[in-house]
Amino acid sequence: MKIGFIGLGIMGRPMALNLIKGGHSVTVWARRTESMQPLLKAGALAAASPADAARGSELVISMVADAPDVAEVMRGVAAGAAPGLVAVDMSTIAPAAARRIGEDLAAAGVDFLDAPVSGGEVGAIAGTLSIMVGGSEAAFARAKPAFECMGKNVVHVGAAGAGQVTKAANQIVTGMGVLAVAEAYAFAAKNGVDRSKVREALMGGFAYSKILENHGQRMLDRNFKPGFKSWMHEKDLNIVMQTAHELGLCLPGSAATAQMFNAMVGSGLGEEDSIAVLKLLERLSGQE
Amino acid sequence: MKVGFIGLGVMGRPMAGHIQRAGHELFVWARRPASADGLAATFCATPAELGRQCEVVFTVITSSDDVKHVALGENGLIEGMAPGSVLVDCSTIAPEAARNIAARLGEKGIAMLDAPVSGGAQGAIDATLAIMAGGEAAVLERVRPLLDCLGKRVVHVGPNGAGQVAKACNQMIMVAAIQAVAEAMRLAAASGVDCARVKQALAGGSAASRVLDVMGERMVRRDFSAGIEARLHHKDYGLVLEAARKCGVAMPLTAVVAQQLNALMAQGWGRDDTASLLRVLEGQ
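Line by line, the protein sequences give chains A and B.
Counted the way the numbering used here counts, the first sequence spans residues 7 to 294.
Counted the way the numbering used here counts, the second sequence spans residues 441 to 724.
Each hint should be verified, as a subset may be incorrect.
Stated by the list, open to error - Label pairs and their calculated CB-CB ranges:
(1) B:C609 / A:S55: 42 to 48 Å
(2) B:P692 / A:E78: 33 to 39 Å
(3) A:S31 / B:P692: 49 to 55 Å
(4) A:E78 / B:R584: 32 to 38 Å
(5) B:R472 / A:R289: 49 to 55 Å
(6) A:R289 / B:R584: 42 to 48 Å
(7) B:A636 / A:G292: 39 to 45 Å
(8) B:P585 / A:G259: 49 to 55 Å
(9) A:R289 / B:H509: 39 to 45 Å
(10) B:K548 / A:F193: 57 to 63 Å
(11) B:S631 / A:E189: 28 to 34 Å
(12) B:C609 / A:T39: 43 to 49 Å
Claimed, not checked - Below, a sample of chain A positions facing chain B; criterion: calculated Cβ distance under 7 Å:
(13) T249
(14) A250
(15) L257
(16) A261
(17) A269
(18) G272
(19) S291
(20) Q293
Hints in this document: simulated from the structure, not taken from any laboratory.
Backbone N, C-alpha and C fix where the C-beta goes; we use that ideal spot for every residue, glycine too.
Please build the complete structure, drawing on both the sequences and the hints.
Encoded structure:
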């Protein structure tokens, strides 16, 4: 399949590489031309603009930072689109923003899918991302072969915006999950109990989770290298809280968690992994 | 002085009346011309036309976007106001929006004050508003005689945006206090104790406050008709949390109170009084 790929950051680059490995013909564009180099070496073609990446493609994928970037890129895509093009945004943005972008593209005759991912850089490199998709059945069927090169767990959740709603739900669970494990560790330590033993004991029971296993281990190792940067988690939780505000939705746990992530960004932990929330807790309780 | 007024709602209308009674010539513009009925004022076709006639223009409107539109949009104040004239924005908007608008107007030599108010509809009618001003001190001094017609307490907080920051702080404290009073009333009722007596007992002690007085009384009487519509507090809490996010500071209590306001909105009580936070608790 001819695929245009826009945005070649930490996530976008390995995802585009996996499309090439999967035998697709990939044309890439990135704001910084130097980030296109590794893809060109791997056999990708270079586009001069988002419109150029869309021209002649059956599928265009964007993986950029924020909603305004997606909107801007997709305006270009609409300008270069051939009839029947499917545009896929895999960035994490607000569900309402995704729906608006989908409507704008529909007006230009382009079918749109919101398809944010979970699994981080490791999952992007290994091609094992979870991909949560919103949009029409027909567009999903068209894009599915591409999704299968990048991810393992590909779920068509519902109509436009449903992918972003799912991703926001994912960030609620992971955000609170990381905070929960960090609080359990702080609790154990302040009580003079060995956290690694606590983790070991919890692993077999109902408190078991992937977060306890992976993030919990990294907390014990005090390995705060990202992974998933806490400023990005803060951004995603802000999407959750803004949406809750607009909908009239009471989310006290998410609200408290979002404030902890605010504080992380404000106190210089934004570039560290989200497990650095443990450091913030320790600071607050005088456990440093 | 020729004074313009945009935004003739529950706050703006009595405020405009005070300015006029103090002997100033009043010019008004409103999206719905009917809202100017009964005011002895010159109705202008656009904000730009109003701006052309006035030395000082007041705006008292709801959202950051509305203020931006009236000030900087097509036929906005910026197209009419002369260099040296002053926009006094009494709306509650984001500090950042206030700074941006001030900067754009400044390019044309038009001065701006962000001057949000506290005191509610009653304070506007009684001319007892607390006014928190952000902007240049010299500009504030020029319009102070007008502000003195509206309120008892005019404080220069700092440069542009500082007035809105003060207003955000005001809203945080006030609504959190309303939530605290609601929870106290809830605990009293759930314990089988008379809320009115509890409120009476607390009035003399360390927990005494204006919020306990006014909002506690509403809760005791179960009078949830709006003084201040809860939807406005809900809007303000959105601004406060956004400001906190931009500064990277944690505000755990504000965040939780915001969730109670979200629940209030979901119940359809946005046009009722914020004392309805008690009803949110009762719906558990």
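Hints versus structure:
1. B:C609 / A:S55: 42 to 48 Å: Given a distance of about 46 Å, which is inside 42 to 48 Å, the answer is holds.
2. B:P692 / A:E78: 33 to 39 Å: 35 Å, holds
3. A:S31 / B:P692: 49 to 55 Å: Cβ of S31 of chain A to Cβ of P692 of chain B: about 51 Å, so the range 49 to 55 Å holds.
4. A:E78 / B:R584: 32 to 38 Å: 45 Å, violated
5. B:R472 / A:R289: 49 to 55 Å: Distance hint for R472 of chain B, R289 of chain A holds at roughly 53 Å.
6. A:R289 / B:R584: 42 to 48 Å: 45 Å, holds
7. B:A636 / A:G292: 39 to 45 Å: Holds: the Cβ-Cβ distance is about 43 Å, inside 39 to 45 Å.
8. B:P585 / A:G259: 49 to 55 Å: 51 Å, holds
9. A:R289 / B:H509: 39 to 45 Å: Since the Cβ atoms of R289 of chain A and H509 of chain B sit about 44 Å apart, the hinted range of 39 to 45 Å holds.
10. B:K548 / A:F193: 57 to 63 Å: Hint holds: Cβ distance 59 Å, inside 57 to 63 Å.
11. B:S631 / A:E189: 28 to 34 Å: Holds - the Cβ-Cβ distance for S631 of chain B and E189 of chain A, about 31 Å, lies within 28 to 34 Å.
12. B:C609 / A:T39: 43 to 49 Å: 47 Å, holds
13. T249: Since the shortest Cβ distance to chain B is 10 Å, the answer is violated.
14. A250: Where the cut-off is 7 Å and the nearest Cβ of chain B is about 6 Å from A250 of chain A, the hint holds.
15. L257: This interface hint holds because 6 Å falls under the 7 Å limit.
16. A261: 4 Å, holds
17. A269: Holds, because the Cβ-Cβ distance from A269 of chain A to chain B comes to roughly 4 Å (cut-off 7 Å).
18. G272: Check passed: Cβ of G272 of chain A comes within 2 Å of chain B, closer than 7 Å.
19. S291: Violated, because the Cβ-Cβ distance from S291 of chain A to chain B comes to roughly 14 Å (cut-off 7 Å).
20. Q293: Since the shortest Cβ distance to chain B is 17 Å, the answer is violated.
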